[in-house]
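In order, the protein sequences belong to chains S and Y. Note that the working numbering gives residue 233 to position 233 of the first sequence, counting from 1, and the numbers run on in steps of one. One gets the working numbering by counting positions in the second sequence from 1 and adding 334 to each.
Just so you know, these hints were derived from the structure itself, not from any lab. From the three backbone atoms N, C-alpha and C, an ideal C-beta is built for every residue, glycine too. Any given hint might turn out to be false.
Which residues of chain Y face chain S? A few of them, derived with a C-beta cut under 10 Å, are [stated by the list, open to error]:
1) Leu504
2) Glu508
3) Cys516
4) Leu517
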Amino acid sequence: MSAGSLNYPAVQAALTGWVLHVKDLQLASLFCGVLGVLILASVIGSLLKKTARSDAARATIDNLNARTRAWWKMCAIFALTLLIGQIGTLILFALLSLLALREYITLIPTRRGDHRTLIWTFFVITPLQYYLIGIQWYGFFAIMIPAVVFLFIPTRIAMTGDTEHFLERAAKIQFGIMICLYCLSYAPALLMLRIPGFEGHDARLLFYLVLVAQMADVLKYTWGKLFGRHKIVPHVSPNKTWEGFLGGVLTATALGSALWWITPFTPLQAAGMSLVIALLGAAGGLVMSAIKRDAQVKDFGAMIEGHGGILDRIDSLCFAAPIFFHLVRYFFVP
Amino acid sequence: MSAGIHPLAGVIAALARGISGVQARWIGCRPEAKQRIYFANHTSHLDFVVLWSALPAEVRARTRPVAAKDYWEKGVRAYLAQRVFRAVLVHRGGVAQPGGNAAGFGEARMVIDQLAEAMGETESLIFFPEGTRGTGEMIAPFRSGLYHLAHRKPEVELVPVYIENLGRILPKGEVLPVPLICLLTFGPPMHIAETEEKRSFLDRACAAVNALRRKGQS
Chain S
1 MSAGSLNYPA VQAALTGWVL HVKDLQLASL FCGVLGVLIL ASVIGSLLKK
51 TARSDAARAT IDNLNARTRA WWKMCAIFAL TLLIGQIGTL ILFALLSLLA
101 LREYITLIPT RRGDHRTLIW TFFVITPLQY YLIGIQWYGF FAIMIPAVVF
151 LFIPTRIAMT GDTEHFLERA AKIQFGIMIC LYCLSYAPAL LMLRIPGFEG
201 HDARLLFYLV LVAQMADVLK YTWGKLFGRH KIVPHVSPNK TWEGFLGGVL
251 TATALGSALW WITPFTPLQA AGMSLVIALL GAAGGLVMSA IKRDAQVKDF
301 GAMIEGHGGI LDRIDSLCFA APIFFHLVRY FFVP
Chain Y
335 MSAGIHPLAG VIAALARGIS GVQARWIGCR PEAKQRIYFA NHTSHLDFVV
385 LWSALPAEVR ARTRPVAAKD YWEKGVRAYL AQRVFRAVLV HRGGVAQPGG
435 NAAGFGEARM VIDQLAEAMG ETESLIFFPE GTRGTGEMIA PFRSGLYHLA
485 HRKPEVELVP VYIENLGRIL PKGEVLPVPL ICLLTFGPPM HIAETEEKRS
535 FLDRACAAVN ALRRKGQS
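Required output: the full structure, derived from the provided sequences and hints.
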């Protein structure tokens, strides 16, 4: 490599950033921890497979093992994008938004007249929202969808002259954009925050949010399968029990508190944050289940083996991300 | 019969599956490489591409879509249709004549000959009996092409397929597709009865496609 090429400030900055990323030993050790959990889950899964007797038990174990296999892939993708840095993370979340939106829009009855509105949503609004994070324009990032897009959608639909179920169509499209795009984009937006004494470690906050939210889901599932008796809202989701909810939220909070050392929080603050993440995750799961129940489907899609669709996997993250972001921003960014 | 599988076919099939996110539900039969006529509702120019791409590779290699000559005969489309999809290009007027005036009848006969010849002993077909693209909400009454073809090839399995959402992905008259998820449902194979009347067979075939709609979907 010629020394001359390193004189470009941008190249230099990018290289240093990358080296910093790789050298983030704490983050690396966390990924090793995740690796350990995955290996453990795979071992337990294969042991359970041998003990299963009834057909029902076998089906449950097969689904569990499918979920574990999918977790391996999801963790690998997430680790890779964090390693690539901000660009990788933004591309990953933009893709997640698109895939989630497509699953959502597929389920809701849109009409011919919505076609151009949907084209705008997929090909202009979604990339723009993530671009705004990329150029760190917080002010516009925060208001584009709730204000500008909110007014644009009904206008564009009205322009087609198709007024049947007008309000319903505009509201449903806006809701999908809010959940799948706006709320989810708050996760990579954590990379925008400049917390004193925590510079260069923003990736850890994103990792923390994703880890606690997803582990809360896994723990709720595990507690529910092991001890679940009393259903919370049987009409919405037969799999959600009080035992799973309480066990999952408490253990996820314990896990989140134990990881305080990778965050800018004290142990007590970390406990509060992870409690909020776990509770919102439960709310997200419940709301998205209600939508699925209304549309008479079990899952939003079939992209992730054993889990269903993308939206089935990230519903908790969609609800937790904006609140977590604003709590951190309000209390930790001067 | 077949001119060999184009090296791009696999790539284009994967691309079509990615864009349409297609999910195939085989509820009435298994995806097997036996000779069949897949007949489906028609809502979009992408219909046959997606149906074709959703078939397992070994089945796809022996399945030829039937497509409209006027749309697929020029430029890149012609290349794709002939070399990659190995489509059988037919005159729309031909199969389409519902009542059949004298001139149309002769043409329709030629189209059926053409299709039967394209099938030979091994090839399956993808066929849209409505003849023209609908709105996606209602299935138009089937034209007689399927009836004549079924008569010509009575031993071939007729597999009804319901294509959901493609009309929303690329509605008539639009250029850009919205990347929604397309759902294909494959129903139980049917055959034509020896003495079955044309209209009653076509109604039965149309009902077989309609029966594959998911509940809760309009």
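The hints, checked one at a time:
1. Leu504: holds (9 Å)
2. Glu508: Holds, because the Cβ-Cβ distance from Glu508 (chain Y) to chain S comes to roughly 6 Å (cut-off 10 Å).
3. Cys516: holds (8 Å)
4. Leu517: holds (8 Å)
Going down the numbered hints, you'll see the structure goes against none, and every one checks out.
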